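Asker: Please put together the full structure from these sequences, using the hints given.
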Amino acid sequence: KDQSIQTITFQEAMDLFKLPRTLGEKEGEEVVVGIGRFGPYVKLGKTYASLEEGDDPLEIGLQRAIELIDAKKAATATRELGEWEGEPVETGRGRFGPYVKHGKTYANIPKSEEPASVTLERAIELLEAKRAGVKANVLRSFEGSDIQVLDGRYGPYITDGKKNAKMPKDQKPEDLTLEQVQQLIAEAPEKKKGGRRRAAPRKK
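Heads up, the working numbering is the position in the sequence shown plus 10, with the first residue counted as 1.
A portion of the hints provided could be inaccurate.
Computed cross-link-like contacts, BS3-like style, restricted to lysine-lysine with a CA-CA straight-line distance of at most 25 Å [claimed, not checked]:
{"#": "1", "residue 1": "K140", "residue 2": "K114"}
{"#": "2", "residue 1": "K82", "residue 2": "K36"}
{"#": "3", "residue 1": "K111", "residue 2": "K140"}
{"#": "4", "residue 1": "K140", "residue 2": "K179"}
{"#": "5", "residue 1": "K82", "residue 2": "K111"}
{"#": "6", "residue 1": "K82", "residue 2": "K53"}
{"#": "7", "residue 1": "K176", "residue 2": "K121"}
{"#": "8", "residue 1": "K82", "residue 2": "K56"}
{"#": "9", "residue 1": "K36", "residue 2": "K83"}
{"#": "10", "residue 1": "K140", "residue 2": "K82"}
{"#": "11", "residue 1": "K111", "residue 2": "K56"}
{"#": "12", "residue 1": "K28", "residue 2": "K121"}
{"#": "13", "residue 1": "K173", "residue 2": "K140"}
{"#": "14", "residue 1": "K140", "residue 2": "K121"}
Because the hints were derived from the structure by calculation, they are not lab data. Since this is a predicted model, take the numbers as computed values, not measurements.
Answerer: Given below as structure tokens:
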């Protein structure tokens with residue numbers, strides 16, 4: 011419940027000492043509810059799930075706790091896309107967001123992409139970019155051209171390495187043609203070059 015130290019009652023404070031408490035078992039392991047550093051949680055084995063708004067740690071039941079734990083497992087589960095170079099390629103979600111994994115190599119999935127729609131081919135592109143030391147933010151490349159659509163801090167944009175162009179608001183990267191991006195780059199302003207600072211005169 012939404013409480014502060016000023017509004018909590020003596021009885022509610024005493025009830026908190028009942029936590030953590032065991033709600034029951036699932037698959038031979040105890041399901042526990044408690045309060046930790048980041049608020050109330052339920053736990054099964056090594057899986058922790060935060061309680062949602064409206065869930066009371068003093069009243070939550072076993073079934074609701076299992077629902078929260080199953081939802082957390084589903085959100086963090088890996089998905090195998092296939093094999094590449096003799097090893098499986100997987101997608102998952104970690105501390106820093108969704109990723110693709112191949113052996114010991116991890117590459118972030120751009121924020122503009124839905125992890126569930128990432129294909130094996132796209133995952134390989136991200137992994138190869140990571141291997142090459144390039145940030146995994148290439149949304150689209152065009153064969154025979156240096157022009158790419160990148161996932162930038164403020165959303166997708168088009169670049170040829172020398173000039174940057176904004177993405178048309180009504181289009182997605184996968185819908186663009188080479189002719190369109192060439193025209194957008196041609197119409198884009200030149201990058202501003204920083205002028206050299208003059209050295210301050212030496213004091214005599």
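Asker: With reference to the structure, classify each hint as holding or not holding.
Answerer: Hint check results:
1. K140 / K114: This hinted pair holds, its Cα atoms lying about 12 Å apart.
2. K82 / K36: holds (15 Å)
3. K111 / K140: Holds - the C-alpha atoms of K140 and K111 are around 11 Å apart, at most 25 Å.
4. K140 / K179: Not OK: K140 and K179 at ~28 Å, beyond 25 Å, violated.
5. K82 / K111: Distance of about 20 Å is within 25 Å: holds.
6. K82 / K53: Since the Cα atoms of K82 and K53 sit roughly 11 Å apart, the hinted pair holds (cutoff 25 Å).
7. K176 / K121: Distance ~18 Å between K176 and K121 Cα, so the pair holds.
8. K82 / K56: Within the cut-off at roughly 12 Å; holds.
9. K36 / K83: Roughly 14 Å separates the two Cα atoms, so the pair holds.
10. K140 / K82: Violated. K140 to K82 sits at ~28 Å, over the 25 Å cutoff.
11. K111 / K56: holds (22 Å)
12. K28 / K121: At roughly 41 Å apart (the allowed maximum being 25 Å), K121 and K28 break the hint.
13. K173 / K140: Since the Cα atoms of K173 and K140 sit roughly 23 Å apart, the hinted pair holds (cutoff 25 Å).
14. K140 / K121: Cα-Cα ~16 Å, so holds.
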